[in-house]
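Go by the hints and put chain V onto chain H.
First to last, the protein sequences are chains H and V. Start counting the first sequence at 1; every next residue gets the next number (the numbering used here). Start counting the second sequence at 405; every next residue gets the next number (the numbering used here).
If you're looking for bench data, these hints aren't it; they were derived computationally from the structure. Please read these numbers as outputs of a predicted model, since none were measured by experiment. Ideal Cβ placement from N, Cα and C applies to all residues, glycine included. Don't take each hint at face value.
Stated by the list, open to error - Pair ranges (Cβ atoms, derived):
# : chain 1 : residue 1 : chain 2 : residue 2 : range
1 : V       : Ile-458   : H       : Asn-79    : 17 to 25 Å
2 : V       : Gly-721   : H       : Gln-13    : 35 to 43 Å
3 : H       : Asp-77    : V       : Leu-697   : 12 to 20 Å
4 : V       : Ala-724   : H       : Tyr-69    : 47 to 55 Å
5 : H       : Asn-393   : V       : Ala-463   : 48 to 56 Å
6 : H       : Phe-189   : V       : Ile-458   : 42 to 50 Å
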Amino acid sequence: MATYSDPPAGTFQLSQLINDTRYRSYTFQIIALIALFGAVAYLLSNLAANLQAAGLSFSYGFLGEPAGYDINQSLIDYNSQSTHLRAAMVGVLNTLLVALLGCIMATVIGVVVGVLRLSPNWLIRKLMAVYVEIFRNVPVLIWILIIMAIFVAVLPQPRDFRGEDAEASMLWGMFAFTGRGFYFPMPVFGPGSGVVIAVFVASVAGIFAWRRHARKALFDEGRLLPVFWPSLALFIVPAVLAFFVMGRPVTMEYPELRGFNFQGGIFARNSLISLWFALSIYTAAFIAENVRAGILAISKGQTEAAASLGLRPRRIMNLVILPQALRVIIPPLISQYLNLTKNSSLAIAVGYMDLTGTLGGITLNQTGRAIECVLLLMLFYLTISLAISAVMNAYNNAVKLKER
Amino acid sequence: MSDTHAQSVAYVRDTMLPEQAPPVSEAGVIKWLRENLFPGPVNAILTLLAIYFIYKIVAGSLPWFLNGVWTASSLAECREILQGTTGGCFSVLTERWNQLLFGFKYPSDQYWRPLLAFVLLIVAAAPVLFAHLPRRLLVFSAIYPFVAFWLIWGGTILAPVIALAGIIAGLLVFRRTEASGFATASLAGLVSAVVIWWLGGFLSAAASDVLALRPVPSRDMGGFMLNMILGTVCVSLSLPIGILLALGRQSHMPIIKWICVLFIEFIRGVPLITLLFVANVVLSYFFPPETNLDLIIRVIIMITAFASAYIAEVIRGGLAALPRGQYEAADSLGLDYAQSMRLVILPQALKISIPGIVNVAVGLFKDTTLVSVISMFDLVGMIRGPILASTEWNGVYWELWGFAVLSFFVVCYGISQYSQWLERQLQRDHR
Chain H
1 MATYSDPPAG
11 TFQLSQLIND
21 TRYRSYTFQI
31 IALIALFGAV
41 AYLLSNLAAN
51 LQAAGLSFSY
61 GFLGEPAGYD
71 INQSLIDYNS
81 QSTHLRAAMV
91 GVLNTLLVAL
101 LGCIMATVIG
111 VVVGVLRLSP
121 NWLIRKLMAV
131 YVEIFRNVPV
141 LIWILIIMAI
151 FVAVLPQPRD
161 FRGEDAEASM
171 LWGMFAFTGR
181 GFYFPMPVFG
191 PGSGVVIAVF
201 VASVAGIFAW
211 RRHARKALFD
221 EGRLLPVFWP
231 SLALFIVPAV
241 LAFFVMGRPV
251 TMEYPELRGF
261 NFQGGIFARN
271 SLISLWFALS
281 IYTAAFIAEN
291 VRAGILAISK
301 GQTEAAASLG
311 LRPRRIMNLV
321 ILPQALRVII
331 PPLISQYLNL
341 TKNSSLAIAV
351 GYMDLTGTLG
361 GITLNQTGRA
371 IECVLLLMLF
381 YLTISLAISA
391 VMNAYNNAVK
401 LKER
Chain V
405 MSDTHAQSVA
415 YVRDTMLPEQ
425 APPVSEAGVI
435 KWLRENLFPG
445 PVNAILTLLA
455 IYFIYKIVAG
465 SLPWFLNGVW
475 TASSLAECRE
485 ILQGTTGGCF
495 SVLTERWNQL
505 LFGFKYPSDQ
515 YWRPLLAFVL
525 LIVAAAPVLF
535 AHLPRRLLVF
545 SAIYPFVAFW
555 LIWGGTILAP
565 VIALAGIIAG
575 LLVFRRTEAS
585 GFATASLAGL
595 VSAVVIWWLG
605 GFLSAAASDV
615 LALRPVPSRD
625 MGGFMLNMIL
635 GTVCVSLSLP
645 IGILLALGRQ
655 SHMPIIKWIC
665 VLFIEFIRGV
675 PLITLLFVAN
685 VVLSYFFPPE
695 TNLDLIIRVI
705 IMITAFASAY
715 IAEVIRGGLA
725 ALPRGQYEAA
735 DSLGLDYAQS
745 MRLVILPQAL
755 KISIPGIVNV
765 AVGLFKDTTL
775 VSVISMFDLV
785 GMIRGPILAS
795 TEWNGVYWEL
805 WGFAVLSFFV
815 VCYGISQYSQ
825 WLERQLQRDH
835 R
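The following block holds chain H by itself, in its conformation from the complex (with noise of 0.2 Å):
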């Protein structure tokens, strides 16, 4: 464009603004500024307008009145008469809570599934194809749906584990498994449990140093030192040690049936447990095809030249064909981690008090503050994808090849 000649100056002529290149795209741009503009005061105007005729005005005085309504399931105090903002943190962190929750049963089934679709053995290959077509192939609402209803349907009731010779009894004495939701024993911290968990931390910490040690060992020295057993000592040994010479602090609470019902322990409900478990599944079935895809784009001739220096099969697996899948497997991976957070809002659909269930669903409705709600609720999600998409770019650029 630069080549051009420049045509004689002083003769301006106003159809040069959209036939001159060096004038046309300020143009078009102005212009398309002014109708961004116009449109964004005519739908706020609207806005100013309707809001007026219905009485209302844009305030978030709402959120610290009281909410006045229950939430089963949070995971911070929380009553009916905390402030609506409250009910918001408790339904952010139960958002968080089924989000993470779902991303690791999705990657554990997600890369198990992939990698036995690679597997020589047909029938298992055929029926890992089967579950990942059938779930990627269906809404993820009509799962979440369907598994609720099966929860409901095949777990007993409370009321079953009753009695002498009860229909339904509980696994090992510890976790009952009801059609109201999970119930799972609770660790309960007595005076001096703090120094086992140090103790432990430290023995973690331990692992990484002794690990850290030995890849120094090998690489300087050539000295190749034992590694798992040393780190399952340490994972084991010293917090046992500790836990019985501090007089075994840490108890478990183990649920109880009273009455008709449990009392203790930890409690799931079945809305958690069905979102967790449609959301890792539906996701899982999408993690095994970009697993696949990362183990397929790692040509063969990696694993042989691997293989012809000598390398044993697990070691060409861990420092050769992994480091290389892993880089083309991690970016579509965290963004179906980012997928199942935006879908965990359906939430709503079985009754989870997540972020959309308490600021989207009843605060809503209760206030009327339709705006505002709608709002902060795609504020939220937001910050989410935009931090997970920036872990993402971060990412990408640590393993990206480094080329001359």
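For chain V alone, coordinates are given in the frame of chain H:
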């Protein structure tokens, strides 16, 4: 050869041995079984586990299918017929078939209209999907949206005809004035289309009963039909918008670029359900007080915005994947921006992005079930609401959810298989 060694070696074979059959374990079924099902101890265990798993599923579901009851009128009657044996109560599907497909408000004597629209959809989609069908059929594909609108929503045929006439007039004017530049010609085309629509508005208001079908309001749509309507309408609307957004994001003009980037990143960062909340409770605040947009129109607006952001990202990938030489070649031919995009860049970029676009389309079709959360009665909404809550069918989970799974699976799997087929068809050996 044998001659040369005849003296030095005791015995030289001079005829071929007859070919022998391979060992039993290395041939036929046994070889296949050994290699594919029992290659090692771990795999043998896995195989046995898988066989047990499949057996459990088949043994559990087969009697349920075979004993299924298809003619009862309520769950209680179903249980009476079954007499305690295992069996599905599929009569919920036969009895509520129309509700599952069309929702519970669509006038029952008009069911032929959406059905006909669906059949015509297949006819209209065929020439778009399969390139070897005669190109003249595309004319029908072009007028199909107007026919479908008339069939499903009813009203006078003049409204869609005038809409079509406006578009045709706009295109003709554009063709005539194209020589004077793309921007001018588009403007002229737009103006002439608007004039025709404006004039036609009087005509259709005056003669509102010409070839009129009984009008059906949007809120009466439901069932799987609603999913199909939302899916097809939103995907087809979001394609052109997505292309424009992608081009905008690639543009050298910073203001336009940033408008597009903000829009795309915002939409992609929030879940669809919050956008549906916007459609449900917020969007009407932004329109003049006297307008009363239907919920379905508001939902279509938001889903289209959602889909176009995702499609824009897919197409941006296609644009970025094109070698720079293509852009430069188009420039060196003296084509202006509109021409080079239309004739050189977009045909190639769109071809690259087909798999991604299909993925977005499948995802979007699945996401149309989310409208059940804002109390619209699509297939999922019908099952959760009117059917499962009715006294006759309270508790028939498996049959209904099985039907929902099957419906979505058939459509989505079909689309993804088509896209893989198309990818193979379009494969050219690129450098």
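Now for the hints, and whether the structure bears them out:
1. V:Ile-458 <-> H:Asn-79: 17 to 25 Å: violated (50 Å)
2. V:Gly-721 <-> H:Gln-13: 35 to 43 Å: holds (41 Å)
3. H:Asp-77 <-> V:Leu-697: 12 to 20 Å: Distance hint for H:Asp-77, V:Leu-697 is violated at roughly 43 Å.
4. V:Ala-724 <-> H:Tyr-69: 47 to 55 Å: Holds - the Cβ-Cβ distance for V:Ala-724 and H:Tyr-69, about 49 Å, lies within 47 to 55 Å.
5. H:Asn-393 <-> V:Ala-463: 48 to 56 Å: holds (51 Å)
6. H:Phe-189 <-> V:Ile-458: 42 to 50 Å: holds (46 Å)
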